[in-house]
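Student: Under my numbering, the letters of the sequence shown match residues -15 to 197, in that order.
Take these hints with a grain of salt, some might be off.
Unchecked claim - For lysine to aspartate or glutamate, the following DMTMM-like pairs were computed, each having C-alpha atoms within a straight-line distance of at most 20 Å:
1. Lys57 x Glu15
2. Lys153 x Asp120
3. Lys57 x Asp120
4. Lys57 x Glu112
5. Lys57 x Glu(-12)
Since the hints were derived computationally from the structure, they do not count as laboratory data. Remember, it's a predicted structure, so these values are computed and weren't measured experimentally.
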Amino acid sequence: MTLEFIGRNLYLQPTPAGAYAAVAGPEANPERTLLQALMRGDTSVRPSVTDIAWWCSQSEQDALATVYRAQEKGWIEGFTSPQSPPAGQLEPIATRAVEALSTTGQGLLADSQGFCMASTGFDATAAEFLAAVSADIASMHERHSAYLADASGSSTSAWALVDMAGNSKVGFWPLFVGENRFVIALGGLPALQHPAMVELVWSLVNRYGQSED
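Construct the entire structure; sequences and hints are all you get.
Tutor: Have a look at this one:
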């Protein structure tokens, strides 16, 4: 087991895939706990094995195994200098992020009540409709997430509005942060590997994530 990031004095944070994995479902697991812990502060950190064990409520040996699994899945990366989430109010941060995450520049962020927290590329009527649909989708996904994972053979949480040919017109991705539930809705093809995913999720976790301390 080769650990790329431990003991190298690197500042750790999730990759775009790791940021999404951190909030893709309501169920807790060690990897998700680790990823969210890396985004709770205003800057990235250089955690020790003791820190990671504390965050994940594991022995140091098990904590190293958690880091290794996250590393092998491409969920964490290291930098020689500290990184930070975008500064400022959430709405402009989320607006820029969802625009970058869609190939058509159409996206929105909605909360669990269907309130549109940020939107770009959709007209007001479409944004209101999609935000309301987002709330219904997230609620249904949370109720049936275990069955959906078993049925699909994966832990995907994406939903879509499709045309008659089965092509996605708008995709929906529920995000679970602490006790809060959000949804991003994206027109066109998603670009979830964009660094904007880290910026958005880090901003949400920083504001709404529950501390494990």
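Student: Give a verdict on every hint.
Tutor: Outcome of the hint check:
no.	hint	verdict
1	Lys57 x Glu15	holds (10 Å)
2	Lys153 x Asp120	holds (18 Å)
3	Lys57 x Asp120	violated (30 Å)
4	Lys57 x Glu112	violated (36 Å)
5	Lys57 x Glu(-12)	holds (13 Å)
The structure is inconsistent with the numbered hints 3, 4, although it conforms to all the rest.
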